[in-house]
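Chains as they are written, first to last, in this note's numbering: chain A, 13 to 127; chain B, 17 to 127.
Just so you know, these hints were derived from the structure itself, not from any lab. Just so you know, even glycine gets a beta-carbon here, dropped at the ideal spot from N, CA and C. Check each hint, because a few of them may be wrong.
To be verified - Once the Cα atoms are required to be at most 27 Å apart in a straight line, the calculated DSS-like pairs of lysine-lysine come out as:
1. B:Lys67 - B:Lys52
2. A:Lys82 - B:Lys67
3. B:Lys67 - A:Lys95
4. B:Lys86 - A:Lys21
5. A:Lys95 - B:Lys114
6. A:Lys69 - B:Lys114
7. A:Lys83 - B:Lys86
8. B:Lys86 - B:Lys114
9. A:Lys21 - B:Lys114
10. A:Lys83 - A:Lys21
11. B:Lys67 - B:Lys114
12. B:Lys86 - A:Lys69
What the hints assert, rightly or not - Computed footprint of chain B on chain A, listed as stretches where at least three residues anywhere in the stretch have a Cβ under 8 Å from a Cβ of chain B:
13. 49 to 56
14. 59 to 70
What the hints assert, rightly or not - Among the chain B residues that face chain A by a calculated CB cut under 7 Å, a handful are:
15. Gln19
16. Thr47
17. Lys52
18. Glu57
19. Leu61
20. Thr108
21. Gly118
22. Thr119
23. Gly120
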Amino acid sequence: DGGITQSPKYLFRKEGQNVTLSCEQNLNHDAMYWYRQDPGQGLRLIYYSQIVNDFQKGDIAEGYSVSREKKESFPLTVTSAQKNPTAFYLCASSSGTRPGTDTQYFGPGTRLTVL
Amino acid sequence: GQQLNQSPQSMFIQEGEDVSMNCTSSSIFNTWLWYKQEPGEGPVLLIALYKAGELTSNGRLTAQFGITRKDSFLNISASIPSDVGIYFCAGTNFGNEKLTFGTGTRLTIIP
Numbered sequence: 013d014g015g016i017t018q019s020p021k022y023l024f025r026k027e028g029q030n031v032t033l034s035c036e037q038n039l040n041h042d043a044m045y046w047y048r049q050d051p052g053q054g055l056r057l058i059y060y061s062q063i064v065n066d067f068q069k070g071d072i073a074e075g076y077s078v079s080r081e082k083k084e085s086f087p088l089t090v091t092s093a094q095k096n097p098t099a100f101y102l103c104a105s106s107s108g109t110r111p112g113t114d115t116q117y118f119g120p121g122t123r124l125t126v127l
Numbered sequence: 017g018q019q020l021n022q023s024p025q026s027m028f029i030q031e032g033e034d035v036s037m038n039c040t041s042s043s044i045f046n047t048w049l050w051y052k053q054e055p056g057e058g059p060v061l062l063i064a065l066y067k068a069g070e071l072t073s074n075g076r077l078t079a080q081f082g083i084t085r086k087d088s089f090l091n092i093s094a095s096i097p098s099d100v101g102i103y104f105c106a107g108t109n110f111g112n113e114k115l116t117f118g119t120g121t122r123l124t125i126i127p
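Okay, chain B solo, but in the shape it has when bound (with noise of 0.2 Å):
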């Protein structure tokens, strides 16, 4: 099956400093879906886009719908430690009863 392409794949940054990351897809999809995973547990959904150019926001996180619908990006503004963990987008269209997940971005703060 197919999945999508997340960058960077990792990211060390320091307390404070804003984070960006990116999903992109071969194909279209028109429902973006961003998940967070803490060591050890399992992903817990942060944002859902379902428009083209929509831009949501959930506390300092911001994602985008990328215009193509064929990417989607996330921000974080200024980090904190409890942002660590794996930050996965997942995309699907109506009627589809499966979603096709990114391959994550590990993002860790240094102290």
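Extracted from the complex, chain A is given alone in its bound form (with noise of 0.2 Å):
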């Protein structure tokens, strides 16, 4: 089946431990992205990449890296200096690279705690 997963659907870590989460999608899909998701806050973009190789800061990129070594894979690694890293991470791919027009098709996601 065509999608996006990601994994685990859970994770716990202890403070001050980097973690690394997964995204894999076979969609063939150009342009993937990471989003943080807070309790009554809307998605807020972290990283995007719109071609291997390469990767944008988005809008809360500090403490967090990625990396676009292959088309269908875009992990993300929650750093130890992310200040606050429990929350709900999306992933998501598109085929474009405009938003408005390339619909961005979005995994499970995966719960990050932090203890």
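Now that you have both chains on their own, put them together as the hints suggest.
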């Protein structure tokens, strides 16, 4: 089946540890995105990538890092520098780079809890 | 970054009732999108709007692009249990690589 997979669904980490969230898509999409969702807030863009080996910071990139070595994969690392990492993380992809016309398809999300 | 304001924040309605929610921005957008997110899942696109004043339907859902281009509205008619979830608006402009999302409206249906 075509789609976006994120793993794991739930992740627990101790404070001070880096953690990497996986995002894979088999839709052959060029663009991929990482969003953070907190209760009562909308989705906020962390990083996005329009093409392999290239990515741009979103609105809240501090404390996060990404890589785009393969078209189908866009892992997100939450570093110890992120002051409040507990959140629901959503990955999305789209065929093009124009969000108004190129529909973003979302994965099921990873809920990260830092203890 | 900017976030769009949605109201109401939450709604508790009975099955069969109609629902109205809106989204407002301090700046103009030329594209408005409406998404629905079910518990524990990612958002799914419901409706896209590209022209001021445009009215677009998707089944029982109808969305409107506000005349001022600073707001958008979503109506759900004759609500059913599977309408439960969080509804998000999002705005963008041509040439912009990013979406700006609203704060969401949580819809709960009372049995």
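Hint-by-hint comparison with the structure:
1. Distance hint between Lys67 (chain B) and Lys52 (chain B) is fulfilled; the C-alpha atoms sit about 21 Å from each other, no more than 27 Å.
2. Distance hint between Lys82 (chain A) and Lys67 (chain B) is unfulfilled; the C-alpha atoms sit about 36 Å from each other, more than 27 Å.
3. At most 27 Å may separate the alpha-carbon atoms for a hinted pair to count; Lys67 (chain B) and Lys95 (chain A) exceed this at roughly 40 Å.
4. Restraint check for Lys86 (chain B) and Lys21 (chain A): not satisfied, since their Cα atoms lie roughly 36 Å apart, outside the 27 Å limit.
5. Between Lys95 (chain A) and Lys114 (chain B) the CA atoms are separated by roughly 24 Å; this keeps the pair inside 27 Å, and the hint holds.
6. Among the hinted pairs, Lys69 (chain A) with Lys114 (chain B) is consistent with the structure: their alpha-carbon atoms are about 11 Å apart, no more than 27 Å.
7. For the hint pairing Lys83 (chain A) with Lys86 (chain B), the CA-to-CA distance comes to about 36 Å; that exceeds 27 Å, so the pair is violated.
8. Under the criterion of a C-alpha separation no larger than 27 Å, the hint pairing Lys86 (chain B) with Lys114 (chain B) is consistent with the structure, at around 17 Å.
9. For the hint linking Lys21 (chain A) to Lys114 (chain B), the alpha-carbon distance of about 25 Å falls within 27 Å, and the restraint holds.
10. Proposed proximity of Lys83 (chain A) and Lys21 (chain A) is supported: the alpha carbons are some 22 Å apart, at most 27 Å.
11. The hinted pair formed by Lys67 (chain B) and Lys114 (chain B) meets the criterion: a straight-line CA distance of about 19 Å does not exceed 27 Å.
12. Of the supplied pair hints, the one linking Lys86 (chain B) and Lys69 (chain A) holds, its CA atoms being roughly 26 Å apart against a limit of 27 Å.
13. Figure legend: the region 49 to 56 of chain A, annotated as covered by chain B; annotation consistent (5 residues with Cβ-Cβ distances under 8 Å, at least 3 required).
14. Using a Cβ-Cβ cut-off of 8 Å, 4 residues of the region 59 to 70 of chain A lie near chain B, which meets the minimum of three, so the contact claim holds.
15. Satisfaction of the interface hint for Gln19 (chain B) is found here, the shortest Cβ-Cβ separation to chain A being roughly 5 Å, below the 7 Å cut-off.
16. For the restraint placing Thr47 (chain B) at the interface with chain A, the shortest Cβ-Cβ distance is roughly 4 Å, inside the 7 Å limit, so the hint holds.
17. Interface hint status for Lys52 (chain B): violated, as the beta-carbon distance to the closest one in chain A is roughly 11 Å, over 7 Å.
18. Annotation: Glu57 (chain B) was flagged as interfacial toward chain A, and the flag holds, the nearest CB pair being 5 Å apart, inside 7 Å.
19. For Leu61 (chain B), the suggested interface contact is upheld, since its CB lies about 5 Å from the closest CB of chain A, less than 7 Å.
20. Using the Cβ-Cβ criterion of 7 Å, the hint placing Thr108 (chain B) at the interface with chain A is satisfied: the shortest such distance is roughly 5 Å.
21. Because the smallest distance between the Cβ of Gly118 (chain B) and any Cβ of chain A comes to about 5 Å, under 7 Å, the interface hint for this residue holds.
22. Hint status for Thr119 (chain B): holds, given a least beta-carbon distance of 5 Å to chain A, under 7 Å.
23. Given the 7 Å rule on beta carbons, the hint for Gly120 (chain B) holds: about 6 Å separates it from the nearest Cβ of chain A.
Hint violations for this structure: numbers 2, 3, 4, 7 and 17, all remaining hints satisfied.
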